[in-house]
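J.: Given the sequences, and given the hints that come with them, work out the whole structure.
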Amino acid sequence: MIEVDRLTKRFGKTVAVDDLSFRVAPARVTGFLGPNGAGKTTTLKVILGLARPTVGGAMIEGKPYRELADPLRRVGAVLETSNYHPGRSGRNHLRVLAAAAGIPHSRVEEVLELVAMKGSAKRRVKGYSLGMRQRLGLAAALLGDPEVLVLDEPANGLDPAGIRWLRDLLRSLASGGRTVFVSSHLLAEVEQIADDVIVIHRGKFVAQASTAELAARAAARVRVRSPQAERLRELLVAQGAAVEPLDDGGLAVGDTTAEQVGELAAANGIVLHELSPETATLEEAFMELTGGETVA
Amino acid sequence: MRLLHAELTKIRTAPWTTVTLVLALLAIMALAAAGISNDAENGITADPESDIIDAAGISTIFTLIFGILIVTWDYRHGTITQTFLAAPRRERVMAAKLVTAIVLSLVLAVLALTLAIVIANVWLGDVFHFTDEEWTQASRIVAGAGLWAVLGLGLGATLQTQVGALISALIWFLVVEQILVGLGSRIWDIGYYLPGQALTQFASVGAPEHLSRATALALAAAYALGLAALGTVMVLRRDV
Chain C
1 MIEVDRLTKR FGKTVAVDDL SFRVAPARVT GFLGPNGAGK TTTLKVILGL ARPTVGGAMI
61 EGKPYRELAD PLRRVGAVLE TSNYHPGRSG RNHLRVLAAA AGIPHSRVEE VLELVAMKGS
121 AKRRVKGYSL GMRQRLGLAA ALLGDPEVLV LDEPANGLDP AGIRWLRDLL RSLASGGRTV
181 FVSSHLLAEV EQIADDVIVI HRGKFVAQAS TAELAARAAA RVRVRSPQAE RLRELLVAQG
241 AAVEPLDDGG LAVGDTTAEQ VGELAAANGI VLHELSPETA TLEEAFMELT GGETVA
Chain L
1 MRLLHAELTK IRTAPWTTVT LVLALLAIMA LAAAGISNDA ENGITADPES DIIDAAGIST
61 IFTLIFGILI VTWDYRHGTI TQTFLAAPRR ERVMAAKLVT AIVLSLVLAV LALTLAIVIA
121 NVWLGDVFHF TDEEWTQASR IVAGAGLWAV LGLGLGATLQ TQVGALISAL IWFLVVEQIL
181 VGLGSRIWDI GYYLPGQALT QFASVGAPEH LSRATALALA AAYALGLAAL GTVMVLRRDV
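As you go down the protein sequences, you meet chains C and L in turn.
Take the first sequence: its position 65, counting from 1, is numbered 65 in my numbering, and each next residue is one higher.
Take the second sequence: its position 16, counting from 1, is numbered 16 in my numbering, and each next residue is one higher.
Hints are supplied without guarantee of correctness; some may be wrong.
What the hints assert, rightly or not - Below, computed lysine to any residue pairings styled on SDA-like, alpha-carbon distance capped at 20 angstroms:
hint: 1; chain 1: C; residue 1: Lys63; chain 2: L; residue 2: Arg90
hint: 2; chain 1: C; residue 1: Lys118; chain 2: C; residue 2: Tyr128
hint: 3; chain 1: C; residue 1: Lys13; chain 2: L; residue 2: Arg90
hint: 4; chain 1: C; residue 1: Lys63; chain 2: L; residue 2: Arg89
hint: 5; chain 1: C; residue 1: Lys126; chain 2: L; residue 2: Arg76
hint: 6; chain 1: C; residue 1: Lys122; chain 2: C; residue 2: Met132
hint: 7; chain 1: C; residue 1: Lys126; chain 2: L; residue 2: Thr17
hint: 8; chain 1: C; residue 1: Lys126; chain 2: L; residue 2: Trp73
hint: 9; chain 1: C; residue 1: Lys122; chain 2: L; residue 2: Arg237
hint: 10; chain 1: C; residue 1: Lys63; chain 2: C; residue 2: Gln192
hint: 11; chain 1: C; residue 1: Lys126; chain 2: L; residue 2: Arg89
hint: 12; chain 1: C; residue 1: Lys63; chain 2: L; residue 2: Leu236
hint: 13; chain 1: C; residue 1: Lys13; chain 2: C; residue 2: Arg202
hint: 14; chain 1: C; residue 1: Lys126; chain 2: L; residue 2: Thr9
hint: 15; chain 1: C; residue 1: Lys122; chain 2: L; residue 2: Thr9
hint: 16; chain 1: C; residue 1: Lys122; chain 2: L; residue 2: Val240
hint: 17; chain 1: C; residue 1: Lys126; chain 2: L; residue 2: Gly78
hint: 18; chain 1: C; residue 1: Lys122; chain 2: L; residue 2: Leu8
hint: 19; chain 1: C; residue 1: Lys204; chain 2: C; residue 2: Arg10
hint: 20; chain 1: C; residue 1: Lys63; chain 2: L; residue 2: Pro88
hint: 21; chain 1: C; residue 1: Lys13; chain 2: L; residue 2: Val240
hint: 22; chain 1: C; residue 1: Lys126; chain 2: L; residue 2: Arg237
hint: 23; chain 1: C; residue 1: Lys126; chain 2: L; residue 2: Thr18
hint: 24; chain 1: C; residue 1: Lys126; chain 2: L; residue 2: Pro88
hint: 25; chain 1: C; residue 1: Lys122; chain 2: L; residue 2: Ile11
hint: 26; chain 1: C; residue 1: Lys122; chain 2: L; residue 2: Trp16
The hints are simulated quantities; they were obtained by calculation from the structure and are not laboratory data.
T.: Here it is in structure tokens:
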């Protein structure tokens, strides 16, 4: 469980995070979504005790990060800003962390196996691709077998197969009861990976819902074409539906369902040439919530 | 202990900067010892023992740099985030870095001095011989090297940028302090009370120019620990 409570973080006059509160539940993969510059990384840094909040704060399993005993065994994290000494091998990078956390070397080998990095572990990080760096970051996060995972843009640099692998890994971690919190500025990614989504925009809370619920929340519309379009429009408006004409002569009907439109047409003897519900994607939901500002 | 182990692992697993520093210092000391031995053989110097100790003073520059690096390489490579994720109580990280900096600097200074002594001994034979006073001088050089490392660590932690800290150290110790010392009594001799000068006067082979040894040591230690404390506060306060 991660709790963020009335968090505000200012850098000089810039407000990066503005009175933000939310909870991240265990046993689910929760996406943390917002355009670049929305305050995601700043929020994660406060959660992880790397940045001080101006007001409010964050707790992990009921405690601020800085007060956790053995933090790597409680929380695993990958930050975008996390970096590596270019001359150190992947394995040695993990060994430094293992030394700091009192974790045995055998566990280093286990996590290397888990992220499929065993083969390149003795190479210097300098020669790693972005995807390999992400895998190494995940290995570092998993080192202490923690209950809570906080990952900042972990899918960056992964190819489609890598993203699928990441999704399966995160799912299996969450199904084991862990709290998995994953930030992204890419909707498609979150849609693939997360069960729940927390959306922020300009440092402010926008929405929290399950991924499906959020997509459904965007005004779902029904697309309808009829030779008696004008008559149908009048009937629909009389029923309180929002009707917009489409370029091809069809109608886009909001605040209703396809069933209702079909029944209304049948009851009034109106011929329909097309009747199709349009499922909103997360993208559309997001546009709606943030007032049209696109993400990636 | 874990954090000490982690600091040592960092050095062991990315050793090239440290190895370069050590080899450079040892090469300089070997050359200096050979030069001094040669001079002694040809009667150019009458006191090769003092010359050797004097030459070993060069190790302080290396331990200063080492002190700066032990903090700033974590910042430079972005590994500081992971260091603080593993050990969110940053004062403990700083304590581990302080101990590592002091211990390794003392080892480095002893190594440099030992190499020079061995070379001079082999070259000059029994003629080369340290008196008790000279051993005391030598131990002051070694202790001074440790203090310079603490000063470097404090500077690195305060500025948190590697290049910034190295250049600031260079400008401060080699330019600013020299100018202020040069102004001498015109600015009430404050030059002699500056950190680099206090350390130099503590460890110098000849009689110190202005301060007593004890005052120089107290002042130098105060500067080193003060700067390390300031650096720790900066590390604790600043976001990474």
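J.: Each hint: holds or not?
T.: Status of the hints after comparison with the structure:
no.: 1; hint: C:Lys63 with L:Arg90; result: holds, 17 angstroms
no.: 2; hint: C:Lys118 with C:Tyr128; result: holds, 13 angstroms
no.: 3; hint: C:Lys13 with L:Arg90; result: violated, 27 angstroms
no.: 4; hint: C:Lys63 with L:Arg89; result: holds, 14 angstroms
no.: 5; hint: C:Lys126 with L:Arg76; result: holds, 15 angstroms
no.: 6; hint: C:Lys122 with C:Met132; result: holds, 13 angstroms
no.: 7; hint: C:Lys126 with L:Thr17; result: holds, 16 angstroms
no.: 8; hint: C:Lys126 with L:Trp73; result: holds, 16 angstroms
no.: 9; hint: C:Lys122 with L:Arg237; result: violated, 36 angstroms
no.: 10; hint: C:Lys63 with C:Gln192; result: violated, 31 angstroms
no.: 11; hint: C:Lys126 with L:Arg89; result: violated, 29 angstroms
no.: 12; hint: C:Lys63 with L:Leu236; result: holds, 19 angstroms
no.: 13; hint: C:Lys13 with C:Arg202; result: holds, 14 angstroms
no.: 14; hint: C:Lys126 with L:Thr9; result: holds, 18 angstroms
no.: 15; hint: C:Lys122 with L:Thr9; result: holds, 15 angstroms
no.: 16; hint: C:Lys122 with L:Val240; result: violated, 28 angstroms
no.: 17; hint: C:Lys126 with L:Gly78; result: holds, 14 angstroms
no.: 18; hint: C:Lys122 with L:Leu8; result: holds, 19 angstroms
no.: 19; hint: C:Lys204 with C:Arg10; result: holds, 13 angstroms
no.: 20; hint: C:Lys63 with L:Pro88; result: holds, 13 angstroms
no.: 21; hint: C:Lys13 with L:Val240; result: holds, 19 angstroms
no.: 22; hint: C:Lys126 with L:Arg237; result: violated, 31 angstroms
no.: 23; hint: C:Lys126 with L:Thr18; result: holds, 19 angstroms
no.: 24; hint: C:Lys126 with L:Pro88; result: violated, 27 angstroms
no.: 25; hint: C:Lys122 with L:Ile11; result: holds, 17 angstroms
no.: 26; hint: C:Lys122 with L:Trp16; result: holds, 17 angstroms
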